[in-house]
Amino acid sequence: MNRIHTLFNKKKDRVLSIYFTAGFPRLEDTLSIMEAIESAGADIIEIGVPYSDPIADGPTIQDSNQIALENGMSLKKLFSQLEGFRDKVQLPVVLMGYLNPIIQYGMEDFCAKCESLGIDGLILPDLPMQQYLDEFKGIFEKHGLSNTFLISPQTSESRIREIDQHSDGFIYMVSSHSITGAKSGISEEQIAYFQRVKEMKLKNPRLIGFGISDADSFQTASEYSNGAIIGSAFIKILKESKNLKTDIKKYIQSVIQ
Amino acid sequence: MIRVDEKGFYGKFGGAYIPEMLHPNIEELKDNYEQIIATEEFQDQFRSLLKDYVGRPTPLYFASRLSEKYAAKIYLKREDLCHTGAHKVNNTIGQIILAKKLGKKRIIAETGAGQHGVATATVCALMGMDCTVYMGELDIQRQRPNVERMKILGATVVPATSGSKTLKDATNEAMRQWINNPVDTHYIIGSVVGPHPYPEMVARFQSVISEEIKSQLLEKEGRENPDLVIACVGGGSNAAGAFYHYYNTPEVRLIAAEAAGLGVSSGKSAATTALGTMGILHGSKTLLMQTDDGQVVEPHSISAGLDYPGIGPVHAHLFDSGRGEFVAVEDEDAMKAGIELSRLEGIIPAIESAHAFHALNMISFKKDDVIVINLSGRGDKDLDTYIKWGGY
Ligand SMILES: Cc1ncc(COP(=O)(O)O)c(C=O)c1O
Numbered sequence: 001m002n003r004i005h006t007l008f009n010k011k012k013d014r015v016l017s018i019y020f021t022a023g024f025p026r027l028e029d030t031l032s033i034m035e036a037i038e039s040a041g042a043d044i045i046e047i048g049v050p051y052s053d054p055i056a057d058g059p060t061i062q063d064s065n066q067i068a069l070e071n072g073m074s075l076k077k078l079f080s081q082l083e084g085f086r087d088k089v090q091l092p093v094v095l096m097g098y099l100n101p102i103i104q105y106g107m108e109d110f111c112a113k114c115e116s117l118g119i120d121g122l123i124l125p126d127l128p129m130q131q132y133l134d135e136f137k138g139i140f141e142k143h144g145l146s147n148t149f150l151i152s153p154q155t156s157e158s159r160i161r162e163i164d165q166h167s168d169g170f171i172y173m174v175s176s177h178s179i180t181g182a183k184s185g186i187s188e189e190q191i192a193y194f195q196r197v198k199e200m201k202l203k204n205p206r207l208i209g210f211g212i213s214d215a216d217s218f219q220t221a222s223e224y225s226n227g228a229i230i231g232s233a234f235i236k237i238l239k240e241s242k243n244l245k246t247d248i249k250k251y252i253q254s255v256i257q
Numbered sequence: 001m002i003r004v005d006e007k008g009f010y011g012k013f014g015g016a017y018i019p020e021m022l023h024p025n026i027e028e029l030k031d032n033y034e035q036i037i038a039t040e041e042f043q044d045q046f047r048s049l050l051k052d053y054v055g056r057p058t059p060l061y062f063a064s065r066l067s068e069k070y071a072a073k074i075y076l077k078r079e080d081l082c083h084t085g086a087h088k089v090n091n092t093i094g095q096i097i098l099a100k101k102l103g104k105k106r107i108i109a110e111t112g113a114g115q116h117g118v119a120t121a122t123v124c125a126l127m128g129m130d131c132t133v134y135m136g137e138l139d140i141q142r143q144r145p146n147v148e149r150m151k152i153l154g155a156t157v158v159p160a161t162s163g164s165k166t167l168k169d170a171t172n173e174a175m176r177q178w179i180n181n182p183v184d185t186h187y188i189i190g191s192v193v194g195p196h197p198y199p200e201m202v203a204r205f206q207s208v209i210s211e212e213i214k215s216q217l218l219e220k221e222g223r224e225n226p227d228l229v230i231a232c233v234g235g236g237s238n239a240a241g242a243f244y245h246y247y248n249t250p251e252v253r254l255i256a257a258e259a260a261g262l263g264v265s266s267g268k269s270a271a272t273t274a275l276g277t278m279g280i281l282h283g284s285k286t287l288l289m290q291t292d293d294g295q296v297v298e299p300h301s302i303s304a305g306l307d308y309p310g311i312g313p314v315h316a317h318l319f320d321s322g323r324g325e326f327v328a329v330e331d332e333d334a335m336k337a338g339i340e341l342s343r344l345e346g347i348i349p350a351i352e353s354a355h356a357f358h359a360l361n362m363i364s365f366k367k368d369d370v371i372v373i374n375l376s377g378r379g380d381k382d383l384d385t386y387i388k389w390g391g392y
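Which chain is which? The protein sequence lines are A and B, in order.
For the first sequence, counting from 1, position 248 maps to 248 in the UniProt record's numbering; every step adds exactly one.
For the second sequence, counting from 1, position 383 maps to 383 in the UniProt record's numbering; every step adds exactly one.
To be clear, the hints were calculated from the coordinates, so they are not data collected in a lab.
It is possible that some hints are incorrect.
[Unchecked claim] Short derived list, chain A residues pointing at chain B, Cβ under 8 angstroms:
#	residue
1	Ile55
2	Leu150
3	Ser152
4	Val174
We put the beta carbon where it would ideally sit given N, CA and C, even for glycine.
Given these sequences and hints, build the entire structure.
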């Protein structure tokens, strides 16, 4: 049982997960952003490990990745910043990152480090289910890390069932055919997809992400799932902010209402 | 044995490391392509277009003055004489027929030198399909004639403005756009890179090169097997095509020429096997130029088509297993080799292909060895670079 399981046992709806890129806007902002997300009332913190070639991300997150790398962020640096963070932050924390930097670090070492720091789960968008099962499942489980898979409007029903079978924590529902930050507003077609998946009565909770940006879209997503993930819209707030703490609080509270 | 296994691996390299959003597309391709290309209907159409439209078989030309200079029997496989000026069209013909059979309406592609972009725009015009090509901003500047050609052919050219603004970034952008348009769009990858089944599929379409070399050499030399085959490697499609039917014939030496840029240790290089380590790029596990932290390093080569930080998984395996011999050719030497071929044989090669010719100075071979060099493309697109370099 990690903090993700505990959260979903208590809270079944309007769960809000906030994504930010480690090292953005400034190298040393990581911990203060995490604390601000927690005190503003969000439920999950998703920390992005920056990568030079984020193929599932749109311009906003591409930018934050590039700036974070220019600022000197790396996986090692991030781990050193997270040393002792559990004294200050209680929310479930998930790392989101592309596979290559993690493989260079070494999957076993990476997972052991996550466990020792108090990280609860991983989202690795370019790790396909089969590779996970073949190579990494045992390592994740040994270190108590939940693995979150993505599904999209194109994912077949049988594959969703399979993903549900092998997920632990929550399922990340990509809201449309898109990379991050590409679209705004929620269409009829998307609603039909949300409804279709809702009716499948999966064993794992579902969070809807990509294109969620405000109270309205958060509300709509929550009607069809257990909540939502906000990424690009939050990065935009960070980018424009002169005072991170106040702006993070103001933004998250405007979404939760 | 050099062969792809059913999970898409060549030895340790390959696979399909892709976001779930692309899973249905990759599955669709994987489940259908072998069956479709095995049909008589596909083969008839593919073969007849290669013959009457592309101009195949391309000649295997005995280069007598070059042979004299290097004391070997050197043959040039004239892919530069293909319609559109490079080998790239062999693959785009195959993939466009496949895309039609899969019911796709739109084509997207990445391009470096613009040869693959032109070859894609060409077949899209031929088949009446909508075409968008992603190209790094830097490459748009240095391969301007090809940008104009794509536009004349009716394609939309979209600049990739992230990272090094070259082939890697154009490929990222094409993958993102495929995620955005997964249903009606086929992505024509231009080399033996990307997630399985692309590397093997592209190699199969390009394998017509070594298929022809075999029968042409038999006619000219009374033997199917040369002593050496030399090709340049960016992602590795012309090399894969030239090597394909020789992979499992160990007496044929396979020489791959990578781009060393300003020098392997200059920090401005694209010599992947010399500088790379195992990693994941564009959906496959392969050798890759990267930092200790796993960030992809921005490559450099004077030739846009070789300016790529990775290499197709089959080539990573050729390198790793010792089956292939890899050399790293610097910008300067490639340019000199391009001029040498121009002056000795009256053929101005693409700067990519010129890298393969310099390999003659870097490897040892016996007097009168039969050597086939894959002349992957013509130099028309590179005149600006030649002129700037040589002050002509
Ligand atoms: C003439 C020519 N040769 C070689 C290449 C490199 O590609 P590959 O390594 O896939 O053959 C290119 C790429 O644009 C090219 O235009």
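Evaluated hints:
Residue-level restraint check for A/Ile55 holds (minimum Cβ-Cβ distance to chain B is 5 angstroms; threshold 8 angstroms). Hint status for A/Leu150 relative to chain B: holds, with the closest Cβ pair at about 4 angstroms, below 8 angstroms. The interface hint given for A/Ser152 holds, since its Cβ lies 4 angstroms from the closest Cβ of chain B, which is under the 8 angstroms cut-off. For A/Val174, the suggested interface contact is upheld, since its CB lies about 6 angstroms from the closest CB of chain B, less than 8 angstroms.
The structure shown violates none of the earlier numbered hints.
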